[in-house]
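2 protein chains.
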Amino acid sequence: MQTATAVRSSSKNKRSIKYVYFFGGGRAEGDAKMKNLLGGKGSNLAEMTNMGIPVPPGFTINTEACTHFYKNKKQYPAGLLDEVEKNLKKLETVMGKKFGDVQSPLLVSVRSGARVSMPGMMDTVLNLGLNDNTVKGLIMRSGSERFAYDAYRRFCQMFGDVVLGVEHEDFEHLLAKKKKQRKIKLDTELSAKDLKELVAEYKALIRKKTRAPFPEDPRKQLRMSIDAVFSSWNNKRAITYRNLNGIPHEWGTAVNVQAMVFGNLGEDSGTGVAFTRDPATGANKFYGEYLINAQGEDVVAGTRTPHPIADLRKDMPVVYAELVKIYKKLEAHYRDMQDLEFTIEDKKLYLLQTRTGKRTAQAAVKIAVDMEREGLINKREAVLRVEPEQLDQLLHPMLDPKVKVSPIAKGLPASPGAAVGKVVFTADKAEHMAEKNEKVVLVRLETSPEDIGGMAASQGILTARGGMTSHAAVVGRGMGKCCVVGCGDITVHSKDGYFVTKGKKVKEGDYISLNGNTGEVMLGELDLIEPKLTSDFRTLMVWADSFRKLGVWTNADTPHDSKVARDFGAEGIGLCRTEHMFFGKDRLPLVREMILAEDTKTRIKALSRLLPLQRKDFKGIFRVMCGLPVTIRLLDPPLHEFLPHTDKEIAEMARQMKVSKQKIADLMQNLHEINPMLGHRGCRLGITYPEIYRMQVRAIFEAACELTKSGYDVIPEVMIPLVGHVNELIFTKRHALEVATEVIKKYKVKLKYNIGTMIEIPRAAITADEIAKEADFFSFGTNDLTQMGFGFSRDDVGKFLPSYIEDGILEKDPFASIDIKGIGELVKIAVEKGRGAKPSLKIGICGEHGGDPASVEFCYKIGLNYVSCSPYRIPIARLAAAHAALKEG
Amino acid sequence: MQTATAVRSSSKNKRSIKYVYFFGGGRAEGDAKMKNLLGGKGSNLAEMTNMGIPVPPGFTINTEACTHFYKNKKQYPAGLLDEVEKNLKKLETVMGKKFGDVQSPLLVSVRSGARVSMPGMMDTVLNLGLNDNTVKGLIMRSGSERFAYDAYRRFCQMFGDVVLGVEHEDFEHLLAKKKKQRKIKLDTELSAKDLKELVAEYKALIRKKTRAPFPEDPRKQLRMSIDAVFSSWNNKRAITYRNLNGIPHEWGTAVNVQAMVFGNLGEDSGTGVAFTRDPATGANKFYGEYLINAQGEDVVAGTRTPHPIADLRKDMPVVYAELVKIYKKLEAHYRDMQDLEFTIEDKKLYLLQTRTGKRTAQAAVKIAVDMEREGLINKREAVLRVEPEQLDQLLHPMLDPKVKVSPIAKGLPASPGAAVGKVVFTADKAEHMAEKNEKVVLVRLETSPEDIGGMAASQGILTARGGMTSHAAVVGRGMGKCCVVGCGDITVHSKDGYFVTKGKKVKEGDYISLNGNTGEVMLGELDLIEPKLTSDFRTLMVWADSFRKLGVWTNADTPHDSKVARDFGAEGIGLCRTEHMFFGKDRLPLVREMILAEDTKTRIKALSRLLPLQRKDFKGIFRVMCGLPVTIRLLDPPLHEFLPHTDKEIAEMARQMKVSKQKIADLMQNLHEINPMLGHRGCRLGITYPEIYRMQVRAIFEAACELTKSGYDVIPEVMIPLVGHVNELIFTKRHALEVATEVIKKYKVKLKYNIGTMIEIPRAAITADEIAKEADFFSFGTNDLTQMGFGFSRDDVGKFLPSYIEDGILEKDPFASIDIKGIGELVKIAVEKGRGAKPSLKIGICGEHGGDPASVEFCYKIGLNYVSCSPYRIPIARLAAAHAALKEG
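Same order as they appear, the protein sequences are chains A and B. In this text, residue positions in the first sequence follow the working numbering: the first is 1, and each later residue adds one. In this text, residue positions in the second sequence follow the working numbering: the first is 1001, and each later residue adds one.
Calculated from the structure, these hints are not laboratory results. We put the beta carbon where it would ideally sit given N, CA and C, even for glycine. Check each hint, because a few of them may be wrong.
[What the hints assert, rightly or not] Counterexamples of contact, computed for chain B against chain A with all Cβ distances above 10 Å:
1. Ala1200
2. Asn1284
3. Asn1293
4. Val1405
5. Ser1494
6. Pro1531
7. Glu1598
8. Arg1684
9. Glu1738
10. Lys1748
11. Gly1808
[Said to hold, decoys possible] Partial list, computed: chain A residues near chain B (C-beta under 8 Å):
12. Ile674
13. Leu722
14. His725
15. Phe792
16. Lys799
My request is simple: use the sequences and hints to build the entire structure.
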């Protein structure tokens, strides 16, 4: 925008705003830096022109014209058409042809080109300028009537479809009819006469459908096509794409009008696409394919098999040598791997496009590290070249991307990777089959903490309900296990051993495959590609860490997870959830005994039997994390989560606990909650039953003291969940301090520790100044903060969130990426108030957002000390934190 | 505090801070304005002394000494004891007696006295100064050994109990033993010898229990009593009382040391209490009672029946005349009804206390209006004299306060008033019995919208679950019907037709009585006092309105409620909940048909049959509210609320709808939500099913247009619930505008209307600037805002809120009175951001807080335009709004 603004502000005459930029004849008015104004395509065409690379000349109508168009009821800015006309004249001069001329007609393409590539989302018109007159000139110039009418036919179809809105199928129908009449199969078998007839038939169709004749005037065609490209910015497809990719709707698109060159003028012509390095592996070799006597769309359509680019060396040695020179020049110039489109017209090479090439994660890492070593880019750039989110591909198994899949259902992609296995419906069954080395996928309505064993035993998890932070999603990500949740397409009939999706019945034991990156569910046993971490990856992470300022901690509940996280580079545990430990088979009966207790004494007795088990849990984790802080959250879920669900389980519990079934039923009625997420949990439990938190704190400090005596460096941090009022923290902290002091005194050791709180209740954020005075640290629980801040139950949001995203009401799932304007504002308020009251306050985030790159950047910007995420997200968070620091300057 | 601070800041010597204030001999160092420093009692004793009213002389240790005591580990401020000694000397001089003197001993009382009265909460010691020596002087002076030993015995017991912590019962036990020995029944029958023996026995008891002798030194007694009074400020009773009454814990108490006078010196002595007007009716006549030859505690104890004050005219005409002169003087001086305590010692009258008298609501209103008419106070003062909350007594039936009750259970007092009726467990049964003119009380685990008919038919409602904004509570208040919720004491066995409380079984058909002001549940049929609104009440409300600046609107869903509200003075409807209309017997099948619809077309068809019914609903309300704005909230609850619950109901619905039971079961599974409060409701429904909101908007505008045509002045305001993101408002508003425009055009009328939104999601408050741009008005839904801001489910909060209040973690139930620091801050942020973006924004509140006086004051302070509350709360809100405006100045 800078350029345009400069032009505008340097002139007092409104008419002097420049909307159109010419390129051609070795010089261009724009360059690569003007991407925001000219779009990616336009600015690169200008840049290439200036570099002396052969590009068909043309001009770009900038994005400001488009935004003006939308701001002014689809009116063009004043003077735009004059500028177009002027540039058209220039183009005629450079090309030595005339628009609409019978002798030597100038044909152009009209293409969209936004700031960032939106492949296939917007519209394109080729061969514009043809009509019943100019086609004669094309015949003359090409010497081929067939070629000319083929071009004319294609133009009519494209213009009719894209600009005039006649159904593509109606044209295809006429084409098919013609081939049937001629008893031929391929388009190429159609004669010039057939094609000429088709042009007439197409025009008749257009007249019928649009109640207007086909516009023969090339200038009218051009004007209408510009209109259509502008309008295509806001077609439904494009809006959805932008919503999915976080592209602002107000950017608008540029329009590129460019002289046509033809790759289908005979055996000396051709077209192709190429990458300057291998986009799959990153190997430093020229990679691509081409077709002789073909147009771009033929390469894409796949009706003919293109040749590998190396063959061009034999077919057209001179052209190939020039292409090699150009690709090297472009890569050196843009200092990144390029994706090229080229056309050869009568042995003359034209570059139609260059852009930064898309690549796999593996290729991205290799190219970045290689280019640094080649001296092409520095370490800083290398780190910025890999998108953090991409790393997921390196950390999890993937479905072979070459295999086409037919999903039978689609849910939310809650945990990345892929899984293949036999369908099972219960956690027990999953464990049972896994013991026999069978691969299974656990399919549930939703999961609960008692399913953890079965989830661990499964290859992947599929649930019908729940959102991006539902139990299955959180646990799945924690285990690095592929998980698809909220899959409303399926109806689960666990008892009868099947699920139904779109009328299809899938039974227990049937194979299914899950894609955790897309949320797709496929029938059968698809091939998996196992992940591997290369030394290039490790190099890149070392570089990233050298730039990063934000700490990266982990959410881990077991020694195993802690080990995985530490190996991935975790610098501490930001969230150790103690409730998961309560579900162990040796603990659940004790936990239930504690819940059944009718007085404090009995409760304390049950808790005292849990104490040694909890102590053992913590020792295991402290050992693995030796030297690093371990933040342990005291019990958080409501007690009813630990009770049985089915009649059978109730009977079993009654037998085990030696109480009547009625007593358990009464207890369940008493503990039942209408909105458990807003119920008796978190520190509310620690306040009504201080003995529970006291036991946990005792276990933490006994474990820490014992290990400290054995020479371990233990740094425990006690975290109180769900604080909304400072008094809740004061109350629970008092108990924790009492126990901690007593234990440390008993063991006679020196131990540094902190007592802090989650900030996950909106009220806590609003009153963070009061709370900070009592806390050693804050840790944002952005899952709950999002739930309560939005009023979205993470378990139920699946019922409306998809349509919210589709309708553009929300840009992104706020459970996946922090909602910066709302929830982020609450976080910011809390940071400001908290640090205002206590400047030394340590602040982190342990919600699932801790592993989302956009959220990591936000956390860095507002000055958090660390983010904490699930183990498999740590490399992503490290890289995202490096990006955030580098982007800042 | 001002006085003390002034003294302190005017002196550089720390020792010169004054802690003790003398009164007596016709002059006092303090006065009535020094209430904060000297407490209510102390400042009034000083004031009366200065007025020349006979008050036993003494001195007051101020509240700053008490706060110093608590801030400094229970140490007295330096110099305090010197000041006490100095004042004691002064007292001796004035009284002509000496503390600890055998000849003419000075006896004193030591009493607490905080800024506000906390009756019976703190401790008192009388007759202090007695020991085995001084008792002899008392015998001499009184001429009665019996009197002297009785005083001594009482002192030992009081001091032993209050100061030394020996159980009251242990003393009573010795007293009873003595009477048994002597074979007598009354204390008065004990001889001097008996009493002397008792003194010795009491002292032995004290020595045994405290392992220390009884302190014979009067100065030690005094010092220990001051300690005890200071300490009593923080006894459990007092803390609870302060929590319940919103009295800050940091205020502290003053201590009054005052010369004893005795009403039990013979037939020329006596004691009594009196009110300057009738505290029950407010009638302007001297009211009170007295006893001859008695001490204050005898009047209170009720062992002897006191005489009406008028009889004193005969008994002691001179004293009576003086008393009448004094009471008139005091009332004229304090310009309010006074509550007096007096003692007559040997025909000499002493006033022991004067304070503003507590009174019933009826009396408060009458006294305020009368005093204005008498010219004693102005209208402004009259309005301030009635506490808004008190008005509840005038608006609802009450249990006779004279009848002692024995509650069998206690819940939350959710809706004031009282109810008496037979227990029923289902809404149907309630309706059925009400039709037969039987009075019933509906007892449920919790209520849901389909119970509304039964609730309306009942005298009162009792639920085992739920908080102050649960369904039963909200509906109960709306109907002005007594309601007790969250009564955890009871276990409901609806099917078997009984509930159990503390082991007691109460069956269907048994009578119970509810007190909605206390939450108490009593067995049996208690007497009710019906409310009546006097012309004084109406006068006071007119005065209140003349000061009030805040609008008072109502929450009403029916023409009947609207009428009640308008009669109570509502200036508009701030919340008309449309879902209640959906539960009508003629509508529910249509609503269910709409929910069952599998496509939009079928849904629209069902909705179109609902349309005329909704239109009729709105017409009814618009008619009643003619000329006033009516804010209609579009559908808010999740659709599953409209589905059946029991198998029987499911079967019935299946039959009615002609679908399989399985289909209904599937639908229920699909619609089930784990946390419905955070689920698919509010505008989320209006976004996934725009046709629902469109039907409702159509009904609103068709109703409005039809009535406008008939000459009614209709002002509809459409309110979108549960908006958290501006895009939600944009989406739903677009649909609403479309329909409104179309309908208005069709009817060809002029109609002013507004489209606004609830602010009830924390994120909405945080992003109120964005939302304001799209809204004509904001209405704070502080119920939901409190739920989400605190993370408290209103339905489940009963499990821990009581202990939160008890432990002092929360001062008040945030659903009953707005939490100013947290939720209030969110409201403030929203008001500032909203008005910042749109200065003309109309802002109200329609949560249940709209009828809570403290919340009304808050709403006024932050600049809201109106509060909206249930009809029976309107007078309270009007008066509270007047108070808020008057308090501001």
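Taking the hints in turn, this is what the structure says about them:
For Ala1200/B, the shortest C-beta to C-beta distance to chain A comes to about 42 Å, beyond the 10 Å cut-off, and the non-interface label holds. In this structure Asn1284/B is separated from chain A by more than 10 Å, as the shortest Cβ-Cβ distance comes to about 47 Å. Distance to chain A confirms Asn1293/B as a non-interface residue, since its nearest Cβ pair spans about 52 Å, more than 10 Å. The non-interface label for Val1405/B is consistent with chain A: the shortest C-beta to C-beta separation is roughly 27 Å, beyond 10 Å.
Non-interface status of Ser1494/B relative to chain A is upheld: no Cβ of that chain comes within 10 Å, the nearest being about 12 Å off. The beta carbon of Pro1531/B sits about 34 Å from the closest Cβ of chain A, which is more than 10 Å, so the claim that it is off the interface holds. Separation of Glu1598/B from chain A is adequate, the least Cβ-Cβ distance of about 14 Å exceeding the 10 Å criterion. Not every beta carbon of chain A lies more than 10 Å from that of Arg1684/B, the smallest distance being close to 5 Å; the non-interface claim is violated.
At roughly 16 Å from the closest C-beta of chain A, the C-beta of Glu1738/B stays outside 10 Å, upholding its exclusion from the interface. Annotated as non-interface, Lys1748/B keeps its C-beta farther than 10 Å from every C-beta of chain A; the closest such distance is 29 Å. For Gly1808/B, the shortest C-beta to C-beta distance to chain A comes to about 7 Å, within the 10 Å cut-off, and the non-interface label is violated. The restraint placing Ile674/A at the interface with chain B holds, with a minimum CB-CB distance near 4 Å, inside the 8 Å limit.
Interface hint status for Leu722/A: upheld, as the beta-carbon distance to the closest one in chain B is roughly 7 Å, under 8 Å. A least Cβ separation of about 6 Å between His725/A and chain B falls short of the 8 Å threshold, and the interface hint therefore holds. Because the smallest distance between the Cβ of Phe792/A and any Cβ of chain B comes to about 6 Å, under 8 Å, the interface hint for this residue holds. For Lys799/A, the interface hint holds, the least distance from its beta-carbon to any beta-carbon of chain B being 4 Å, beneath 8 Å.
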